[in-house]
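4 protein chains.
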Amino acid sequence: MKVKVGIIGGSGYTGLELLRILRQHPSAEVHVMTSRALEGKKLYDVFPNMHGISNLTYLLPDDDKLYECDIVFFATPHGVAMNNAGLFLERNIKVVDLGADFRINDSKIWSNWYNMEHTEESLLNEAVYGQPEIYRETIKEARLIANPGCYPTAVLLALKPLLEKNLIDPSNIIADCKSGASGAGRNANQATLLCEITESFKPYGVSGHRHFPEIKQELESISECPVGLTFTPHLLPMSRGIEATIYADLVDSKADILACFENAYKNEEFVKILPEGVYPETRSVKSSNYCQISVQYVEHSNKLVIMSVIDNLGKGAAGQAIQNMNLMFGLNEQEGLLQMGLLP
Amino acid sequence: MKVKVGIIGGSGYTGLELLRILRQHPSAEVHVMTSRALEGKKLYDVFPNMHGISNLTYLLPDDDKLYECDIVFFATPHGVAMNNAGLFLERNIKVVDLGADFRINDSKIWSNWYNMEHTEESLLNEAVYGQPEIYRETIKEARLIANPGCYPTAVLLALKPLLEKNLIDPSNIIADCKSGASGAGRNANQATLLCEITESFKPYGVSGHRHFPEIKQELESISECPVGLTFTPHLLPMSRGIEATIYADLVDSKADILACFENAYKNEEFVKILPEGVYPETRSVKSSNYCQISVQYVEHSNKLVIMSVIDNLGKGAAGQAIQNMNLMFGLNEQEGLLQMGLLP
Amino acid sequence: MKVKVGIIGGSGYTGLELLRILRQHPSAEVHVMTSRALEGKKLYDVFPNMHGISNLTYLLPDDDKLYECDIVFFATPHGVAMNNAGLFLERNIKVVDLGADFRINDSKIWSNWYNMEHTEESLLNEAVYGQPEIYRETIKEARLIANPGCYPTAVLLALKPLLEKNLIDPSNIIADCKSGASGAGRNANQATLLCEITESFKPYGVSGHRHFPEIKQELESISECPVGLTFTPHLLPMSRGIEATIYADLVDSKADILACFENAYKNEEFVKILPEGVYPETRSVKSSNYCQISVQYVEHSNKLVIMSVIDNLGKGAAGQAIQNMNLMFGLNEQEGLLQMGLLP
Amino acid sequence: MKVKVGIIGGSGYTGLELLRILRQHPSAEVHVMTSRALEGKKLYDVFPNMHGISNLTYLLPDDDKLYECDIVFFATPHGVAMNNAGLFLERNIKVVDLGADFRINDSKIWSNWYNMEHTEESLLNEAVYGQPEIYRETIKEARLIANPGCYPTAVLLALKPLLEKNLIDPSNIIADCKSGASGAGRNANQATLLCEITESFKPYGVSGHRHFPEIKQELESISECPVGLTFTPHLLPMSRGIEATIYADLVDSKADILACFENAYKNEEFVKILPEGVYPETRSVKSSNYCQISVQYVEHSNKLVIMSVIDNLGKGAAGQAIQNMNLMFGLNEQEGLLQMGLLP
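Chains as they are written, first to last, in my numbering: chain A, 1 to 344; chain B, 1001 to 1344; chain C, 2001 to 2344; chain D, 3001 to 3344.
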């Protein structure tokens, strides 16, 4: 018996990536796909790679067929999951929100960054932050998962081993991050036209980005002390991939940082620590659920540089969501997720 | 018991794509990977997506370990498979040549286009052209497969239904084809530097390209008459994908061409015929073994336009090679090959 | 005294390209820029390359300041120039329409393709098709120019020498054309998001494209007989550039085609004929007003292949418009237009 | 009388960019172009945008025709200019080295980073670092210019106003820099094939890059004290453009940083300071000699973020070289350099 999956908000890249991964998943299958705007259309009318592959039709997001599912994924803008997750939970249907509604524990902080009241404090308290490498055991018991943001995933995996061992100064961390354009979604938008971003590169959201409070919250949860974080996102002229270059001050310049990382992730299939002097490339994890991390101590300035790459739609969204689903249903955590990066 | 696979010439994109697909194949596994230039190196030293994924080491191409395989794939420049295939066949090891050595039946024509004597006429006679949609039954019995070229695969699938039903004039066929740069391989080459081809587009080989005699031979084999073909390849500023736009004169302008294609491929998983007015995009089949085909009759000029897309490394090389392997070993033809196109 | 230029519809890529070229023009200057949507904004608020370069503010398209100009360029969707050109002409202000309103001589054909009545038959009769290599002398006397479409420019320059010398069969011409995404404009549009078109290639408008009747009209004007044309546009994963690969049947296979082209264009600065065996690349003309053309006779199929490249925003739009302006004002035709292609 | 220019090492992108800019320069012209490897070839055989534009032939680098020049540009690998600059200086021919031979004042530091003895200490002492915004008056009198590296140009312009006013802590500066692939040159190289870097992003040289000592030297020259610098270069999947995101600690968080930058560069044509909240994009300066800079104070972490963009071949190489030439010959500093960024 396969896990029956519903995808709410299936018109974007995250919804499509869920479909793509689940097609290869031996123990789960997509049962319903919804989209208010695309109701009645076939998947292949929207995503041309689906011709002859799937005959599914988009339903409305209030279609009863969703209640036949074992789990629903919200691939929706913020505000949607918050107001609808309860309908599924009360029917014993598990929920993974790939949006931001349940990521920030403090509803006031959330409201400040997302310009909206948080209407579901109790669900917020129940939701588990879905980073398996940090919260695996809690995820297994959860009904409601807040799937992490893409930038936070790359940054948290890069800093967790250091902060939990108190190897760096938590007050001065810089995360210079770069993302492909698929992170900006699939809506018609002048700013993400090919002609506006190909052959160009730019920072954005420098004064403040919604992933900042999320990263800060989780870093402080690991370090158990306040964290001073500067986070700068940039837009890459490509579709998939995130790279984070992180700068930190080592507490003890003689610590064996590489060993620390290798040890921290030795049982984690989806986090690969690179050999000394080898730096990660986003292509290495494209279309996959993998994260690659490299560390470099820069002697002349006494800085530690940690570099981390993920696919923002893979480990940064749909891949991690399915990893969470596997855990929630007692499946093998790696099921459906072992494809390696697509190169070239 | 999994089929043991050897890959000879594993330093390029085709070898890597074989590795990537076989990682997902339930009934086959890579046993040996060879490269004269990379001997002793780990796969992950060469392909950064392999860190923590494979611990294989490149061996020399004459390593005895190859003889433990059930099948070897030659992913080598022309001339290599010709001289070495016999060593495997005589040990009852099957051979698929992803190069050009056994594609042209007439050794003189081959020599003219490849500037080299053909030294293995008997193997040439035995080799089967590995296009399953044309030669499926023969492939099942074959020991030695000439895996088709990338352009030929796109063009043959687009023309087969028309030529075998005598629906077009065979004397005036134009194939205007476009390929991503991965078709040019992974060797250091000024002409395929990013800075030389990004944001640009060009024709090449207009006066003659080695895939011309291969396409012509197979078209004439289908039509059983001489074919007048003009074939123009172009280079796209991207890595993966081939599109062929083919122009032909309809014999009977009232023929139901779409029905003809749908009928011809109704049992073929890997060839999808698009609805009327929908044209194929290379991204729809990226990283997959699928081909998408569309037909459009242009009334004002009485031309039939057939458009076909494949991934040159997938259905145009490694995917098709594994499809052939599946047939040769009596496996399910689709095993390991059902991933859909990666989009975006 | 510099020619005072007004640009109507300055929010798109064509308007910006006019600005960019005119900045280098010694005898003309931009006096007014209008945009209904951007009224009151500074140019640099819209185009970030203008910071510190221009202090111009967008005005409304009915601002009286336009009447101070010597010439206005319409860089607007079809329908706009038609209804407004007269206002300028009656004030002795010259007009160049970079849109389609005056390109098709027959208003019924125009209406069929553009789904709109043509309201200005008399202006249509007066308008001159602004291809200087064909209509130079008439352009010099014109008040109203229909600036050619981008595809038509590439195709006409490639076929003019052949048709005027009756060297090819006019009944069977195929133009397989490819364009960068800037041809689709700067409006927010899902179909031209980077993630939808990068690393992909596709045909579009195969059953009919608005440049078809324009090309056909001009080819028939040159050949003075009916022309059988098949025209297939494709979208390239890049921003600037058009390539046309054109197939024709030679009337006399012994004609010296290369000499014919060299002779036809020996006095044309902006059309360069390439040596035998050298094929054009779109990058060679990027950001310039040049067109490069190559011819190749394919003996085995008796086809002539003509290949032509332009920058769709340069010779295919703004560059050619300024070339027309130069002619209309008795300036040196090449003024401001001699920049060579930007490579890499 | 135009300045006669010789270009030594004209086979790469920097040499080509010199040619492209000088074609528009009213007071200088290219007299000789040399390349050992390309001797006897026409420029248009190597750079396809030159067909019909230039009839120059590559000469050998020891051709006497070089001695007819007023100035020679070395666009050569390090080590070449060092050994040959003297030949020109002694003939009263000025020299601009676009390579690295004269950038580092201390020959021992140079030798450590470039793995080569420095053979010309006296020329090293004479050479002027060619950053006009810092050393304009000295450049005017110089015979020998060390044209700055691309990364240094972007970083120095971003930090000069802060260091000379002592507004930041010089001991903790981080420069996270990103460059297009043209910075890696035009030699055949597997690592810069399109298929290796398109749709990917990676850090490189993290443990040490040759531009590090150059940046450090110049920062310390401005600040007149030791500087603690961490410099991380990254490779962008595009051809042209550098972005530097720089992190520094403000000494006085109430300082008006934007005013400081506006004031520092108010008379500099080629450095544009962006309004508050507007961040630079590399496309804004593509193909130009401009630099755009933005500053953002991040309150929650008390960091100052300075962002700077240039075209690595323009202001980062050939454009700046010609700016230096203009100064050395008493020409208008801006001649030939006022083209704005090419967008899209």
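It cannot be assumed that every hint is accurate.
[Stated by the list, open to error] With the Cβ distance kept under 8 Å, some of the chain A side facing chain C (calculated, not the full set):
{"#": "1", "residue": "Leu193"}
{"#": "2", "residue": "Ile222"}
{"#": "3", "residue": "Cys225"}
{"#": "4", "residue": "Met238"}
Please keep in mind that the hints were generated in silico from the structure rather than gathered at the bench. Every residue gets a Cβ at the ideal spot worked out from N, C-alpha and C, and that includes glycine.
Hint-by-hint comparison with the structure:
1. Leu193: holds (5 Å)
2. Ile222: violated (33 Å)
3. Cys225: violated (39 Å)
4. Met238: holds (7 Å)
The structure fails hints 2, 3 (numbered hints given earlier, in ascending order).
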